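Participant: The listed protein sequences correspond, in order, to chains Z, L and V. Residue numbering for the first sequence follows my numbering, starting at 1 and increasing by one per position. Residue numbering for the second sequence follows my numbering, starting at 1 and increasing by one per position. Residue numbering for the third sequence follows my numbering, starting at 1 and increasing by one per position.
FYI, nobody ran anything at the bench for these hints, they're computed from the structure. These numbers come from a predicted model, not from an experiment. Treat the hints with care, since some could be wrong.
Claimed, not checked - Calculated cross-link-like contacts (lysine-lysine; reagent style DSBU-like; alpha-carbon spacing at most 35 Å): (1) L:K317 x L:K243; (2) Z:K8 x V:K192; (3) V:K150 x L:K137.
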Amino acid sequence: MCLGVPLKVVEIRENNTALVDMGGPTLEISTIFTPEVKVGDYVLVHAGFSISILSEEEAIDIFSALEEIEK
Amino acid sequence: MEDIILLSHGNGGEATRKLIEEEILKYLGNEILEELLDSALIDIKGKIAFTTDSFVVSPIFFKGGDIGKLSIYGTINDLSVMGAKPLYVSVGFILEEGLSLKEFRKILESMRSAVEECGVKVVTGDTKVVEKGKGDKIYINTTGIGIIEDGISWHGRRIEEGDIIIINGEIGEHGLSIMLERLGIKTEEIESDLAPLHNLTLPLLKISNGIKFMRDPTRGGVAGVLNEIAQKYNVEIEIDEEKIPVKPWVKNASEILGIDPLYSANEGKIVIVADKKEEKKIMEFLRNHPLGQKAQIIGEIKGKGKRVYLKTKMGTKRILDPLKKDLLPRIC
Amino acid sequence: MDIRELVERIKKISKKEINIMEFCGTHTHEIFRYGIRQLLPENIHLLSGPGCPVCVTSEEDIDYIIELAQNYDLSIITFGDLVNVPGNNGSLNYLRAKGKEVIVVYSPLESINIAKQNPNKKYLLIGIGFETTAPNLAFTLIKAKEENIKNLYFLSLHKLTPPAMKAILDMGEIKIDGIIGPGHVSTIIGRKGWEGLFNNYKIPFVIMGFKPEEILYGIYHLVKIIEEEKPALINAYEKSVKEEGNKSALEYMYKVFKKGSASWRGLGIIEDSGLILNETFEEFDIRKIYPQKTKSIKLKNNYCRCGEVLRGVIKPTDCPLFGKSCTPESPKGPCMVSSEGTCSAYYLYGGE
Numbered sequence: 001m002c003l004g005v006p007l008k009v010v011e012i013r014e015n016n017t018a019l020v021d022m023g024g025p026t027l028e029i030s031t032i033f034t035p036e037v038k039v040g041d042y043v044l045v046h047a048g049f050s051i052s053i054l055s056e057e058e059a060i061d062i063f064s065a066l067e068e069i070e071k
Numbered sequence: 001m002e003d004i005i006l007l008s009h010g011n012g013g014e015a016t017r018k019l020i021e022e023e024i025l026k027y028l029g030n031e032i033l034e035e036l037l038d039s040a041l042i043d044i045k046g047k048i049a050f051t052t053d054s055f056v057v058s059p060i061f062f063k064g065g066d067i068g069k070l071s072i073y074g075t076i077n078d079l080s081v082m083g084a085k086p087l088y089v090s091v092g093f094i095l096e097e098g099l100s101l102k103e104f105r106k107i108l109e110s111m112r113s114a115v116e117e118c119g120v121k122v123v124t125g126d127t128k129v130v131e132k133g134k135g136d137k138i139y140i141n142t143t144g145i146g147i148i149e150d151g152i153s154w155h156g157r158r159i160e161e162g163d164i165i166i167i168n169g170e171i172g173e174h175g176l177s178i179m180l181e182r183l184g185i186k187t188e189e190i191e192s193d194l195a196p197l198h199n200l201t202l203p204l205l206k207i208s209n210g211i212k213f214m215r216d217p218t219r220g221g222v223a224g225v226l227n228e229i230a231q232k233y234n235v236e237i238e239i240d241e242e243k244i245p246v247k248p249w250v251k252n253a254s255e256i257l258g259i260d261p262l263y264s265a266n267e268g269k270i271v272i273v274a275d276k277k278e279e280k281k282i283m284e285f286l287r288n289h290p291l292g293q294k295a296q297i298i299g300e301i302k303g304k305g306k307r308v309y310l311k312t313k314m315g316t317k318r319i320l321d322p323l324k325k326d327l328l329p330r331i332c
Numbered sequence: 001m002d003i004r005e006l007v008e009r010i011k012k013i014s015k016k017e018i019n020i021m022e023f024c025g026t027h028t029h030e031i032f033r034y035g036i037r038q039l040l041p042e043n044i045h046l047l048s049g050p051g052c053p054v055c056v057t058s059e060e061d062i063d064y065i066i067e068l069a070q071n072y073d074l075s076i077i078t079f080g081d082l083v084n085v086p087g088n089n090g091s092l093n094y095l096r097a098k099g100k101e102v103i104v105v106y107s108p109l110e111s112i113n114i115a116k117q118n119p120n121k122k123y124l125l126i127g128i129g130f131e132t133t134a135p136n137l138a139f140t141l142i143k144a145k146e147e148n149i150k151n152l153y154f155l156s157l158h159k160l161t162p163p164a165m166k167a168i169l170d171m172g173e174i175k176i177d178g179i180i181g182p183g184h185v186s187t188i189i190g191r192k193g194w195e196g197l198f199n200n201y202k203i204p205f206v207i208m209g210f211k212p213e214e215i216l217y218g219i220y221h222l223v224k225i226i227e228e229e230k231p232a233l234i235n236a237y238e239k240s241v242k243e244e245g246n247k248s249a250l251e252y253m254y255k256v257f258k259k260g261s262a263s264w265r266g267l268g269i270i271e272d273s274g275l276i277l278n279e280t281f282e283e284f285d286i287r288k289i290y291p292q293k294t295k296s297i298k299l300k301n302n303y304c305r306c307g308e309v310l311r312g313v314i315k316p317t318d319c320p321l322f323g324k325s326c327t328p329e330s331p332k333g334p335c336m337v338s339s340e341g342t343c344s345a346y347y348l349y350g351g352e
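Work the whole structure out from these sequences, hints included.
Facilitator: And the structure:
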């Protein structure tokens, strides 16, 4: 079984489903666990369901986070 | 009542004759095939390339093609990578009782179009029918004959240290698109990369005599072909992960399914090993060709050895072994 | 700053000989895929724990599935990796070759479509996976109940991660100095989900993501708190992991399942470590409909040491079968079969 993959929501559909962008083609997933999801959000997709809405920073700025740890 | 293939269509009698004349010849007929002799008689002078392949892909219709198209292109490509101009093809059908004639005709039409596109002729064939449950709708075997073009010879083209490894475009599309479809994953716009390569390989062999090796990475993917080369020619290969062209959807699908694109089948790609001195000429040719626009140099021959190594984007190296597990079956 | 600097920082602060264990099959694979071990100093040892749901499925459970498939008129629906796991009497793949219908799906919701399309067939959906996957199966059963699906049955092989971690720490077979927390399980159970374990064992614990930068960053964090002897439970994957996790997913999960004991390959039976169906969903429970008949006996000549690999006691290369009689083409145990298995990762990526 497979990696949770971060994908962007491009369309919200009825019955708690949505389309996510796979890099051109789209994939239909269940959003039952992330009901607040909006178009444009990135979600973590696992076995056909979104399990989290990824927060704003597309990648954490690891290096400034490191500065924080050093303090 | 739907028109379907019956056991009688394979009995060699009237029903068989009708199937051949009214359906098969309608799509694939030409002056040689229409003779319907036990063997086709053809005149060829020169060095001949001869190949065969059987096609059992499921589902028989997939995004980007179908088993019919695949059966023609697949064989054409096996001839093309050897530097042979494809000339004649044979077609053997094993049909399952109950296959709808509508679907069979769709496949025949697809084959007709592929045959025309490749400039070949279907000169002989065979059709058998098996009982329901003994065959999955349709299996196709094709055999191809081509003629090695003047001036092309593999003699003396030895793979050596410093040779570069090139791929003509993005990898993994065929295998992954079929897997997505088989798992019932609803996606749109995903396609196999199915394409005939003779118009790429033959001119390429003419413009450069630094081509040492070509193969189409079907089952087993690019990793499979690279390992074949390493084993057969006793060379160590290193490829650079960052240089491997992959479409975003393939990357995502591969993570979703847990399958590395390097192991996923391709049906419109070739792996080329060439003399580094010819790099500019070859890349220029490829990048100007519709089937080579995304061509990349992905690695090189490092010297004597037997293994394939991958340099990761972290700068570390790992071994890239040939595919060992079962991916989903019947991709090709 | 780049990866190299991150690695330099780790090298600078790392003095002690330490063992760090990860508990997620995806971490196992990504660490191999990117050669993370090659980047770390030699005194940091990365161990793989029981993070692969297929690998920890017990022999008895595999045998039960084979028994169900062979003796009853059931088509099996499952996730990919399970089909290759060998039990005492073959694998699902082998059964498929003998004519049994075995369907592999990506999303468990697909099983509802399959059951609806073929109302005259009976299907068994196998629920396998940790907390990341169980909510998906829970929702699938809720939907099946709502839509009155009568030809779909369910076998729960779901397990919970913290009890396995606790069992490994309790066994004390190896000194574990720090834990790489699984990013996806944590997405569901939250940082909070580890508090109980952390408070009892005070073991340095960093929840990490899966990109190589995220893993190295997490390891840096972990090494720092280990060296400074300041154990902490840190969430280094805030992008996806919240303090509370995904409450909605957990709610659905506990609507359908409750905790029960489970049998783990290599760890034995652990109380409250598995998910079993609630009474309200008993109509789906295949264990109630066709209870297991044959009690599994340990394979006589099987020298598979998967259990020890799963506990991090030995490396795959220490197992006498590894690479010889046990390969992905002919696996002797699940660790070699599953794409998340430790042995499979070692084999596939040419591990040291």
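Participant: Quick one: which hint numbers does this structure break? Sort them smallest to largest.
Facilitator: none
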